[in-house]
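Protein chains: 2
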Amino acid sequence: MNSCFSPLLEHLIKTLQYLPGIGPKSAQRLAFYLLDTPKNKTIAQELSKALSDAATAIHYCKKCRNFSETDICDLCNNKSRESRLLCIVETPSDVIAIEKSGGYRGHYFVLRGRLSPLDGIGPEEIGLNLLAEQLKNASEIQEIIIATNHTVEGEATAYYISELVKPFNVKITRIARGVPLGGELEYVDSRTIAEALNHRVNVDVRIED
Amino acid sequence: MNSCFSPLLEHLIKTLQYLPGIGPKSAQRLAFYLLDTPKNKTIAQELSKALSDAATAIHYCKKCRNFSETDICDLCNNKSRESRLLCIVETPSDVIAIEKSGGYRGHYFVLRGRLSPLDGIGPEEIGLNLLAEQLKNASEIQEIIIATNHTVEGEATAYYISELVKPFNVKITRIARGVPLGGELEYVDSRTIAEALNHRVNVDVRIED
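Same order as they appear, the protein sequences are chains A and B. Just so we're aligned: 183 in our numbering is position 183 of the first sequence, and the numbers increase by one with no gaps anywhere. Just so we're aligned: 182 in our numbering is position 182 of the second sequence, and the numbers increase by one with no gaps anywhere.
What the hints contain is simulated information worked out from the structure, not anything from laboratory work. Bear in mind the structure is a predicted one, so any value in this text is a computation, not a measurement. Hints are not guaranteed to be accurate.
No copy is singled out in the list; a pair is fine if it fits within one copy or between any two copies.
What the hints assert, rightly or not - Think about it this way: if two alpha-carbon atoms lie no more than 20 Å apart in a straight line, the pair counts; the simulated EDC-like pairs of lysine to aspartate or glutamate are:
id : residue 1 : residue 2
1  : Lys62     : Glu90
2  : Lys14     : Glu69
3  : Lys171    : Glu124
4  : Lys41     : Asp53
5  : Lys171    : Glu133
6  : Lys49     : Asp36
7  : Lys171    : Asp189
8  : Lys136    : Glu124
9  : Lys79     : Asp119
10 : Lys39     : Glu125
11 : Lys136    : Glu153
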């Protein structure tokens, strides 16, 4: 019923709907916004260029599998970071989340997924062969922090990795589960509370760094 | 804190945030999605091209002020539509809404806004000089349906247009206000109910077409 539009506008609205979370209404609103004024058209052109440039130039770091324009990403190349620590996360977003926390200065390994045999996602699909290879060659790594999500798949992946990593004689840790800071017990789900009780720690005792 | 990213990726995330309703988190999610797999990168390239093509080629119809690739849009050029009817709407989205209703076969005039003197939007900004000119020259138009929104600015704009159009000896109508179809009185706001009572109609009597 959009036949009252020009073909290019229809095509733009259709293409915008490929984006996650953008339905027909939002796509229409975005398209109208981007064509509304000369200033907005400049934004459209800028966005067009940014998309094309990024899609052309950005690949994956050959070491950590995070997004990168170069073969090895800046973070992996950063000599000021502690090479004895390797944190394994599910997605590039998790890298940002941890970087934002400011509590970590080591390196990362990005799985870009989690084990899910039913969806055909095995160890190779999440780069675990690459990880094993790196552990064989790089003797610098002393601790592997498994920071996959505390979901069923995340836990299964964490278990698989811990088994995979065992032979390499490195310390294996898992990010702590518990009640989030600022979280009131009343509003925290019961499974989290049960886990927080199970993993209770002695006061003033922490895992050694 | 996004310094763990490549410059092109950061730029893409920043540019996506110019879109209405897209914040830092959504922009990041969209960017990651568009770069995730070769298939998604194809979408990114396609979207890039669609944006650029649309922003370059799409302008406004010189007659109805709707989006168009040509000087006069397809809808204005469509000889099968009734040239005696002209419906005045605020935005291109309103054109779609009315077209979807299937209840109208005339032409449109798109204000692309509403009178709002405090924001510097006067009659010229919403194309009323163009409308007056068309009415002077085109004797075909017999009825003008004012379909601006039932808001304060929309009503003010409707009043202004009705005053402007009076000298041209055409029938002036306004889309009806009332309780929406499927709307239950219990959940309809009180102003709408008051208006629906004020504009009550005799059973089996409608405005003549």
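Comparing the hints with the structure gives:
1. Taking identical chains as interchangeable, the C-alpha atoms of Lys62 and Glu90 lie at most 20 Å apart only when both belong to the same chain, with a minimum of 16 Å there against 53 Å between chains.
2. With identical chains, the CA atoms of Lys14 and Glu69 are at most 20 Å apart between copies only, with a shortest distance of 17 Å across copies and 29 Å within one.
3. Proximity of Lys171 to Glu124 under the C-alpha cut-off of 20 Å is found in neither arrangement, the shortest distances being 23 Å within a copy and 73 Å between copies.
4. In the homo-oligomer, the alpha carbons of Lys41 and Asp53 lie at most 20 Å apart both inside one protomer (18 Å) and across protomers (11 Å), since each shortest distance falls under that limit.
5. In this homomeric assembly, Lys171 and Glu133 come within 20 Å of each other (Cα to Cα) only inside a single copy, at 17 Å, whereas the closest approach across copies is 81 Å.
6. Taking the shortest Cα distances, Lys49 and Asp36 sit within 20 Å of each other both inside one copy (19 Å) and across copies (18 Å).
7. In the homo-oligomer, the alpha carbons of Lys171 and Asp189 never lie at most 20 Å apart, since the shortest distance is 31 Å inside one protomer and 64 Å across protomers.
8. Taking identical chains as interchangeable, the C-alpha atoms of Lys136 and Glu124 lie at most 20 Å apart only when both belong to the same chain, with a minimum of 16 Å there against 73 Å between chains.
9. In this assembly of identical chains, the alpha carbons of Lys79 and Asp119 never lie at most 20 Å apart, being 38 Å within a copy and 54 Å across copies at closest.
10. Taking the closest pair of Cα atoms, Lys39 and Glu125 come within 20 Å of each other only across two copies (16 Å); inside a single copy the shortest separation is 43 Å, beyond that limit.
11. Taking CA atoms no more than 20 Å apart as the test, Lys136 paired with Glu153 passes in neither setting, with 26 Å inside one copy and 71 Å between copies.
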